[in-house]
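Colleague: Read off the chains here:
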Amino acid sequence: MTLARIGSGAIVCVAAVTLISAGCAADGALSQVSLRPQCATDDTMCLSQGLNAPIAAGSSLPLHIDIHFAGASAPAFALRSANTDVFNVSGATLDAQVDGVAALLVTTEDGNSVLDFIHLFVKTPDALHLERVDPDRRSTFNDEVELVVGDSVTLVAVLANGAQALLGDVETDWHAEGDALSILRTGILTQREIRARNPGETTLLVTAAGLSSSLTIRVLP
Amino acid sequence: MIKFKAHFAIVIAFVSLVGCTHYGAISSPPPGKTASVDSQNDRATISRGVALAIECSGCKVGESFSDDSTIASVLPASVDALSEGATSGSRISDPTFVLVGENVGTTRVRIAVLNQPDIDLQVTVLDD
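Chains as they are written, first to last, in this note's numbering: chain A, 1 to 221; chain B, 1 to 128.
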């Protein structure tokens with residue numbers, strides 16, 4: 001094996017490890033900062049999506065920010081929106097307001113110098129989808145769901161505009177008639193663990209941002 | 001060899017004194033928005049909420065300011081690139097500043113230049 005082959009293999013390995021650990025982050029215009037949504041380390045869908053979509057108007061998006069500054073560790077930084085009509089910044093969280101695009105400036109702590117910037121789009125959602133969450137994937141539903149008493153499934157409510165899933169977290173309301181299901185919070189605004197409690201059939205209704213989606217769930221004894 | 005280095009240093013010093021200022025955008029606007037700079041006529045056009053990175057040789061970006069920062073603001077960029085002449089084989093970059101379209105209108109941004117008159121950049125911020 002030649003040294004060149006060893007070298008190229010090492011590069012591939014480094015790239016793969018970097019991708020898994022950092023996710024698909026978006027680089028700033030000056031290539032000094034990379035940004036991605038804050039994701040659970042086992043949520044590969046969230047990690048891989050990165051910032052590859054507009055943010056849903058009315059939602060909030062916590063960001064993970066990496067600064068790559070040659071010859072220095074990451075300095076203390078601050079974030080600023082170039083148009084607060086489009087989105088506001090609170091700490092490392094963006095609060096999307098209305099349709100539009102604006103620059104997110106990553107500055108030094110005093111705001112006097114720019115480390116990098118990225119333009120982010122905000123879009124009003126027109127649909128709400130329910131997806132099943134698995135560690136390595138998400139899947140949509142095209143049929144009712146059957147569970148056995150004691151089974152559970154984790155669902156996520158995803159805001160979309162047309163065919164495009166949007167980024168951002170919103171308050172969601174989950175409701176099912178009867179006592180067939182328990183609906184448990186998971187610590188993530190848009191997610192719930194649905195646990196089958198008693199045999200029967202019910203409709204799970206989810207509402208968020210003025211939109212709704214439903215799913216028929218049958219619990220078997 | 002020592003004589004060559006001395007000549008090179010003199011040339012560098014001469015260029016620095018005479019000055020050779022040129023500037024241009026090093027970033028792009030997002031789709032559907034405007035961000036451009038015309039260095040021939042010292043004009044910039046930018047959409048509201050958009051930022052534009054501008055590289056400028058010979059500029060003292062830390063001494064730049066906007067006549068009306070509610071219309072367009074200008075901030076120096078901290079870039080990790082090495083300054084010209086500091087070394088060879090590494091990325092070399094000119095001083096860089098970031099222009100931000102804050103609100104619709106027209107204003108002037110004054111950029112200080114080493115050993116030359118300031119650049120008087122007319123900035124128009126669009127609501128497009």
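Bear in mind the hints are in silico, worked out from the structure with no lab data behind them.
These numbers were taken from a predicted model, which means no experiment stands behind them.
All residues carry an ideal CB built from backbone N, CA and C; glycine is no exception.
There's no promise every hint is true.
Chain A is faced by these chain B residues, among others (derived, beta-carbon under 7 Å) [said to hold, decoys possible]: (1) A25; (2) S27; (3) P30; (4) G49; (5) V50; (6) A51; (7) A53; (8) L75; (9) A77; (10) S78; (11) D80; (12) V98; (13) V104.
Colleague: For every hint, state whether the structure bears it out.
Modeller: How the hints compare with the structure:
{"no.": "1", "hint": "A25", "verdict": "violated, 10 Å"}
{"no.": "2", "hint": "S27", "verdict": "holds, 4 Å"}
{"no.": "3", "hint": "P30", "verdict": "holds, 4 Å"}
{"no.": "4", "hint": "G49", "verdict": "holds, 3 Å"}
{"no.": "5", "hint": "V50", "verdict": "holds, 6 Å"}
{"no.": "6", "hint": "A51", "verdict": "holds, 4 Å"}
{"no.": "7", "hint": "A53", "verdict": "holds, 6 Å"}
{"no.": "8", "hint": "L75", "verdict": "holds, 5 Å"}
{"no.": "9", "hint": "A77", "verdict": "holds, 5 Å"}
{"no.": "10", "hint": "S78", "verdict": "holds, 5 Å"}
{"no.": "11", "hint": "D80", "verdict": "holds, 4 Å"}
{"no.": "12", "hint": "V98", "verdict": "holds, 4 Å"}
{"no.": "13", "hint": "V104", "verdict": "violated, 11 Å"}
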